[in-house]
Amino acid sequence: MPSTLPFRLVTPTQIVFDGDAELVIAVTTEGEEGILPRHAPFLAALKPGVLRGNVLADGAATRLELATSDGFMQALPDGVTVLVDEAVRFEEIDVAEVREELQAATERQKAAQDDRELYAREQTAIEFANAKLRLTGHR
Amino acid sequence: MPSVRDLRDRIRSLKNTQQITKAMKQVAAAKIRRAEAAQKRARPYADALAQMLHDLIGAVSSVDHPFMQPGKSGAPAGIVLVSADKGLAGAFNSNVIHAAEALARRQGGARYYTIGLKARNAVRRMGMPDHATWALGSGEKIDTARAAARRASDDFRHGEISEIVLVSQQLITMMSQRPQTRKLIPILASDFESARDGEAGGRPRGAIEFAPSPEFVLSRLLPKYLEFTIYSAMLETDAAFFAAQLVAMTNATDNASKLIDELTIAMNNARQAAITKELLEIVAGAEALGVE
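As they're listed, the protein sequences go chains Y and L. Number 54 in this note's numbering belongs to position 54 of the first sequence; there are no gaps in the numbering. Number 25 in this note's numbering belongs to position 25 of the second sequence; there are no gaps in the numbering.
No lab work stands behind these hints: they were computed from the structure. Backbone N, C-alpha and C define an ideal beta-carbon position, used for all residues, glycine too. Accuracy of the hints is not assured; some may be wrong.
What the hints assert, rightly or not - Derived, one-sided and incomplete: chain Y residues facing chain L with beta-carbon distance under 8 Å:
1. Ala45
2. Asp78
3. Thr81
4. Leu133
To be verified - Not close to chain L: a few residues of chain Y, all C-beta gaps over 12 Å, as computed:
5. Phe42
6. Asn54
7. Leu56
8. Glu107
9. Gln113
10. Arg134
Bound conformation, chain Y alone (with noise of 0.2 Å):
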């Protein structure tokens, strides 16, 4: 029985992860998820969140963490693959940057408060602002 499973993150502009991992965590819209090797064909819709994986780096075992805004998680036989808009590295992340973010995006959420659609979209902006500052240890 294999130990680790190919695991891709991918968003539109660059290729985030592409190796192997013997376990994968991510947050899906009903809560955290870890996928194992052979787990069952799955596809789910992510939350912003923090991601974390148990991945293999040049043969050593290295923990991968990172802030993941919405996207997908797909698991099927050959890999598990996960689908981001953005995702980010503790190194990358400005804390201040973010906490100004994170305030906009709240404003702009008041101020859409009757449109359904612009509503949910500050609060994944919200979430993946949220997301980042957990990951620094601000929150």
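Using the hints provided, position chain L relative to the given structure of chain Y.
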């Protein structure tokens, strides 16, 4: 008949022009490679998205999403028109703009969302100075695509447009580009059925578990699909533009060479004629004076 000096000036100016077109040709060749690399980076996302869509289509029965309802009848069509920011690429921009205009005529009116300065200027000249517009080359392309997709889909949800159609240049080969018109929204159940029938011989993938439900995941996926389709059209426009520019600049350089050759011959003829004329004058003058 133009004088030797006139011809020499023209040749000099042509040589300058030729140097510029040659430089632009080389720049375009380098930029094609970069544009193609960007397209390549987007490929894994495109593949994964298509795969998910395919799995979802097989699983859903009906979806209550605005993108899957017919648009408001009587409203104008929404045309997302993608062009380049710059010219000097033959008929590249005007072809795609003409395709959009033809579509608007067939639909009896349209609201434009333009990406690219050439499309912006053309639509402004059509008498729509304040339509929604973005530049192709400034800022992150994915952000521009998202903004355009949101603007168009908001208008669609509010019944201001009846459908969203994407008009952009398609890169067929390095030598040829063709405007392409794709209807993106609404996606009707019948489109799904034909896609499903087309997949009759496809591999059965077994039961897939959806969280929370295929309908929910699909309704999340559709807006991303719209954004990404516009994004990849922008990337393709970039690559196709530089390919068109490469061809246009190659032709311009060749034409300049041909013209320089012709003018050089004309100049040599003119110079020779002048020398002959002068000689004849001297000889005639000498004869008249009776010099031995």
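Hints versus structure:
1. Ala45: Nearest chain L Cβ about 5 Å off; hint holds.
2. Asp78: For Asp78/Y, the interface hint is violated, since the closest Cβ of chain L sits about 11 Å away, which is over 8 Å.
3. Thr81: Given a least distance of 5 Å, the restraint on Thr81/Y holds.
4. Leu133: 22 Å, violated
5. Phe42: 5 Å, violated
6. Asn54: Nearest chain L Cβ is 22 Å from Asn54/Y, so the label holds.
7. Leu56: 19 Å, holds
8. Glu107: The assertion about Glu107/Y holds, with a minimum of 18 Å to chain L.
9. Gln113: 16 Å, holds
10. Arg134: The claim stands: Arg134/Y keeps its Cβ more than 12 Å from every Cβ of chain L (closest is about 22 Å).
Hint compliance for this structure: hints 2, 4, 5 are broken, all remaining hints hold.
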